[in-house]
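These protein sequence lines are chains D and E, in that order. Note that the first sequence ends on residue 406 in UniProt numbering; no numbers are left out. Note that the second sequence ends on residue 406 in UniProt numbering; no numbers are left out.
Accuracy of the hints is not assured; some may be wrong.
[Stated by the list, open to error] List time: in silico DSS-like cross-link candidates among lysine-lysine, alpha-carbon distance up to 25 angstroms:
{"#": "1", "chain 1": "D", "residue 1": "K4", "chain 2": "D", "residue 2": "K252"}
{"#": "2", "chain 1": "D", "residue 1": "K252", "chain 2": "E", "residue 2": "K308"}
{"#": "3", "chain 1": "D", "residue 1": "K4", "chain 2": "D", "residue 2": "K308"}
{"#": "4", "chain 1": "E", "residue 1": "K252", "chain 2": "D", "residue 2": "K308"}
{"#": "5", "chain 1": "E", "residue 1": "K330", "chain 2": "E", "residue 2": "K4"}
{"#": "6", "chain 1": "E", "residue 1": "K252", "chain 2": "E", "residue 2": "K308"}
Since the hints were made in silico from the structure, they are not lab data.
2 protein chains.
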Amino acid sequence: MDKKIQINHKRFLSDISSFGQIGALSGGGVARLALTDSDRLGRDELVSRMKALGLRVSIDNIGNIFGTRAGRLSSTVMTGSHIDTVLTGGLYDGTYGVLAGLEVIAALNDACIETEHSITVASFTNEEGARFQPDMLGSLVFAGGMSVETARATADKSGITLGDELDRTGYAGAGHGPDHIISYYELHIEQGPVLENENTDIGVVTGVQGISWSRLTFRGRSSHAGTTPMHSRADSGLAAMSLITRLHTALKDIPEQLITCGSFQVLPDLINVVPHITTLTIDLRNPDEQALKTAEKILTELISDTEKAFNISVKKETLARFDPVSFNGKLISQIEKIAHNNGFTARRLCSGAGHDAQMIARIAPAAMIFVPSVNGLSHNIAELTYPDDLCRGTQVLAEAILSDAL
Amino acid sequence: MDKKIQINHKRFLSDISSFGQIGALSGGGVARLALTDSDRLGRDELVSRMKALGLRVSIDNIGNIFGTRAGRLSSTVMTGSHIDTVLTGGLYDGTYGVLAGLEVIAALNDACIETEHSITVASFTNEEGARFQPDMLGSLVFAGGMSVETARATADKSGITLGDELDRTGYAGAGHGPDHIISYYELHIEQGPVLENENTDIGVVTGVQGISWSRLTFRGRSSHAGTTPMHSRADSGLAAMSLITRLHTALKDIPEQLITCGSFQVLPDLINVVPHITTLTIDLRNPDEQALKTAEKILTELISDTEKAFNISVKKETLARFDPVSFNGKLISQIEKIAHNNGFTARRLCSGAGHDAQMIARIAPAAMIFVPSVNGLSHNIAELTYPDDLCRGTQVLAEAILSDAL
């Protein structure tokens with residue numbers, strides 16, 4: 001028996017394209033918010049494709065879908081990602097990794113390869129966090145990081161719970177995922193510009209950077225823009241803008257430090273009124289835990305400075321805090337070796353975004369493979385990865401899985 | 001005939017208090033947005049009070065209400081202000097000046113004083129600009145600065161036009177205001193902290209500062225907060241915050257310069273997305289036209305700097321531009337003299353806010369009298385002027401009107 005695996009480019013690209021019709025938006029891209037009707041249609045299609053490939057399908061109590069190709073042993077090599085998207089998402093974020101897993105199965109079937117270990121393709125519930133928080137919810141529950149009761153009680157903006165939606169869509173399953181995962185590979189688009197900018201085929205992901213999310217509420221005093229002398233003001237908006245500007249400067253020298261103020265609101269938000277309340281979010285990320293802590297410390301110091309300088313008060317709430325995750329060294333080396341053997345250029349990099357793999361890393365050896373994103377775009381209907389890149393990544397995934405499963 | 005006028009404190013304070021019941025909010029303050037039902041109730045009550053005092057009431061085609069006490073001549077000394085409020089307004093902004101005018105009439109009636117010139121109390125439509133823009137609309141139309149057709153076509157946020165609301169409330173009148181105004185006095189709360197801070201009874205208003213309102217739209221590029229290196233970003237929010245911070249610093253040395261960024265929105269306003277569009281307003285005010293122009297020039301230069309430094313584009317729109325207004329020197333001196341004759345402390349100051357008086361100043365000699373605002377608060381349900389201050393201002397108004405009308 002020939003143990004070489006070769007994915008079928010034409011079939012794979014066609015499979016991605018047809019899946020993109022589910023929840024398709026008129027201007028391009030897709031909308032499959034977790035557990036909406038379009039996500040349910042995506043799930044139905046996925047289950048149908050899994051069955052057509054001869055996989056045994058199991059759905060757990062949080063709606064994660066597992067399709068397993070039996071090996072001689074029940075221990076399994078797992079791959080996967082998610083098929084839910086943001087409200088105006090692309091065709092590749094998540095879905096690419098799931099469909100690549102199915103293509104690996106198809107290629108194994110083509111070549112009539114039997115494996116020692118089983119192979120499982122997983123699709124996790126609510127990875128995006130665009131409808132229910134936290135993100136990566138399905139894999140977090142699967143890895144034991146959150147109880148299914150807590151997860152089911154999570155409500156969306158309109159008050160509908162995730163549990164109700166699981167029941168409504170028929171995806172509160174009675175099955176469960178694999179018990180013994182010997183390795184987990186997740187193939188994903190980069191969602192950033194590094195690979196494209198460096199003209200590199202394959203990203204060998206070493207880990208996921210640490211994340212520190214906080215919400216700051218600045219309370220000053222509302223007053224008339226035309227009658228209140230500058231020195232009598234307690235301008236919450238100006239204080240907030242000054243803090244963010246200073247924070248960017250102060251963090252410039254911390255290597256690989258990212259800072260984003262993505263959400264910002266002033267009240268009462270009128271042209272001629274000094275804002276009394278300003279609310280904003282700060283997203284700090286760093287692959288190094290010590291560096292991330294330093295950034296957090298600087299933020300705390302600047303908050304204290306700002307309170308004094310602007311005669312306002314600042315409340316800080318932590319919205320999320322994840323330590324950096326390191327992927328498995330053996331798996332990382334294997335991905336790198338396979339890429340080079342195929343003649344692909346490859347570089348190691350740390351993931352800026354969160355992924356299901358970081359949850360699975362809690363319970364099994366895990367690693368990720370990235371492919372380039374055009375203009376680094378993601379969470380955007382213009383999200384694009386070129387066909388050659390899609391196929392290169394899937395070929396690397398196939399060989400990594402086969403290498404572990406044989 | 002005794003030509004000395006003395007206002008009745010008890011009656012006047014009771015009249016203010018009872019008028020404050022119209023549109024009263026449960027937590028204090030009032031809501032009488034222009035041409036809503038509560039504003040109509042206020043108008044009905046005002047007309048009723050004018051008639052009870054023997055005034056001839058005339059309502060013009062933009063809903064301005066004029067109550068005239070006939071003198072021997074048709075030429076008139078006018079006083080007035082407005083009874084509309086912001087959504088959560090106080091009892092004094094505007095209403096104080098109108099009711100003080102009625103108290104002057106009542107005091108003249110008490111003393112059986114007849115005057116050479118007529119005396120008119122005016123209440124102008126939509127001074128606040130909280131429902132329909134621009135503010136000071138009624139007095140602007142009366143002064144010939146805007147056609148009644150344009151004014152009637154102005155729509156509120158829900159698309160209802162001012163014209164429709166005038167018709168609905170029955171305040172599209174067939175009358176007109178006085179033709180020959182020999183002087184116009186407007187009594188108003190300061191809406192700022194200067195008089196209170198300096199423990200001064202009466203503000204002698206020399207003019208209204210110039211106003212320059214603009215809206216800035218920053219366009220950058222949306223990108224993922226976790227995957228986009230700092231140097232690859234075009235962060236519209238950071239660019240905007242940096243501009244506002246720098247502008248405050250740059251304008252510090254311009255005397256009496258006020259700057260407010262009261263409205264600020266980012267898109268898509270998500271914690272983990274670099275904002276691609278940021279919109280904000282800038283309110284610049286200065287009593288000196290040259291200084292205001294300098295501030296505007298610095299803003300323009302900083303916009304250009306910011307576009308380059310942050311790799312974004314900025315569009316600037318002018319929302320309003322009013323030159324500083326100087327009130328009539330003779331009227332200013334007269335107010336000051338009357339205040340001192342009564343033993344009141346007084347100081348000259350420039351108004352930070354816009355007032356109907358600045359529109360009337362286009363067609364007649366005009367001036368204003370200010371009284372202290374506790375904590376400088378206004379456009380706020382906590383707005384407060386102490387009874388003694390309310391009465392001092394009204395006494396000065398009464399004597400100024402009588403002096404011109406005799």
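Can you list which hints this structure breaks, lowest number first?
-> Violated hints (numbers, rising): 1, 3; every other hint is consistent with the structure.
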